[in-house]
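**Q** Following the hints, position chain B against chain A.
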Amino acid sequence: MVGSAETGKDAPLRIEAMSDGEPATRVSVSRARRRQRRRLSVIGVIGELLITAGFLVFLFLGWQLWLNDIIVGNEQNHAAAELANSWTSGNVSLNQEDVPTNFGEPVVTPVPDNAVTFAVMYVPRFGADWVREVAEGIGVGDVLDTKRIGHYPTTQAPGEVGNMAFAAHRLTYGAPFKDINQLQLGDKLYVQTKDGYFTYSFRNLEYVSPRQVDVLDPVPQEGAAQATDRILTIMSCNPKWSTAERIIAYSVLDSWQPISAGPPAAIASLASSKG
Amino acid sequence: MYGALWEILPGPAWVKILILLVLLGVVLFCLVEWVFPWVNSILPSQEVTVDG
Numbered sequence: 001m002v003g004s005a006e007t008g009k010d011a012p013l014r015i016e017a018m019s020d021g022e023p024a025t026r027v028s029v030s031r032a033r034r035r036q037r038r039r040l041s042v043i044g045v046i047g048e049l050l051i052t053a054g055f056l057v058f059l060f061l062g063w064q065l066w067l068n069d070i071i072v073g074n075e076q077n078h079a080a081a082e083l084a085n086s087w088t089s090g091n092v093s094l095n096q097e098d099v100p101t102n103f104g105e106p107v108v109t110p111v112p113d114n115a116v117t118f119a120v121m122y123v124p125r126f127g128a129d130w131v132r133e134v135a136e137g138i139g140v141g142d143v144l145d146t147k148r149i150g151h152y153p154t155t156q157a158p159g160e161v162g163n164m165a166f167a168a169h170r171l172t173y174g175a176p177f178k179d180i181n182q183l184q185l186g187d188k189l190y191v192q193t194k195d196g197y198f199t200y201s202f203r204n205l206e207y208v209s210p211r212q213v214d215v216l217d218p219v220p221q222e223g224a225a226q227a228t229d230r231i232l233t234i235m236s237c238n239p240k241w242s243t244a245e246r247i248i249a250y251s252v253l254d255s256w257q258p259i260s261a262g263p264p265a266a267i268a269s270l271a272s273s274k275g
Numbered sequence: 276m277y278g279a280l281w282e283i284l285p286g287p288a289w290v291k292i293l294i295l296l297v298l299l300g301v302v303l304f305c306l307v308e309w310v311f312p313w314v315n316s317i318l319p320s321q322e323v324t325v326d327g
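Those sequence lines, one after another, are chains A and B. The first sequence begins at 1 in the numbering used here and counts up one residue at a time. The second sequence begins at 276 in the numbering used here and counts up one residue at a time.
If we strip away everything but chain A, and leave its shape as in the complex, we get:
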């Protein structure tokens, strides 16, 4: 019984030992083949290149639509805050309680040449530290793609009665107006120039065709009507991933205060301490 069990164990071993040579050579041949295939296969290299290209496209999309907007947004916050600080440094009254609340008619800040930055915009709804530069003109290459907000040259200047219209990207290039559709009735939008702070109150959103230029009228869409309000019109593309429509956000001037009066309380930390 014991002997036959031993032979039962031994038998397969012997068979393996006997046929040892053949499988070993097969293994080494297939290893060599695999190595050859790794180094030489054109199809394999093309395949790997294609997979790599696919990854690169994904990486680019992630960079363009997400990462770069964060990086550029931070840069822009910093640049705009610095500019605002250069206007305020030295002549800000720190004692806010003594400052009167009515400063009469707003000072009109004249707009500069094309592509020159002349204002800074604060919109708490777009983020607690959201600050962006506003430049003259709506050229794609010289203003909008430089991550700034553009001012329509045909529209009014800050402080002037009528309509002041801004445009900016909603996606990519820092996407200044990414959250334009999040504005809610009464939200404050602040525009600061070298002369003062203009506080606007958001009224309503509108969706129009890209050809509807009457949103830029002194009284939007009213043509020859005599303007009495100071309106801020900001716009971007809509829907978010398309250029089929434009999203328009209208706001009306609530109040203004000269630089010497200091920034409105809501943006005080951004307007004076940074930079």
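If you are wondering where the hints come from, they were derived from the structure by calculation, not from laboratory data. Beta carbons are placed, not taken as given, at the ideal position from N, Cα and C, and that holds for glycine. None of the hints are false.
Chain B side only, calculated, beta carbon under 8 Å to chain A, not exhaustive:
1. Val307
2. Ser320
3. Val323
4. Val325
**A** Here is chain B on its own, set in the frame of chain A:
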């Protein structure tokens, strides 16, 4: 291609992985710093303005 790269790299596996991570970092940096901005500049830009 990547198989050949793995075999060309010297040292034990962990050294190879370390070298690959450094290479990957360099490649990513070049992409973000130069290649992606360049690609972005030749892609058509989005229109956001109204225009008769």
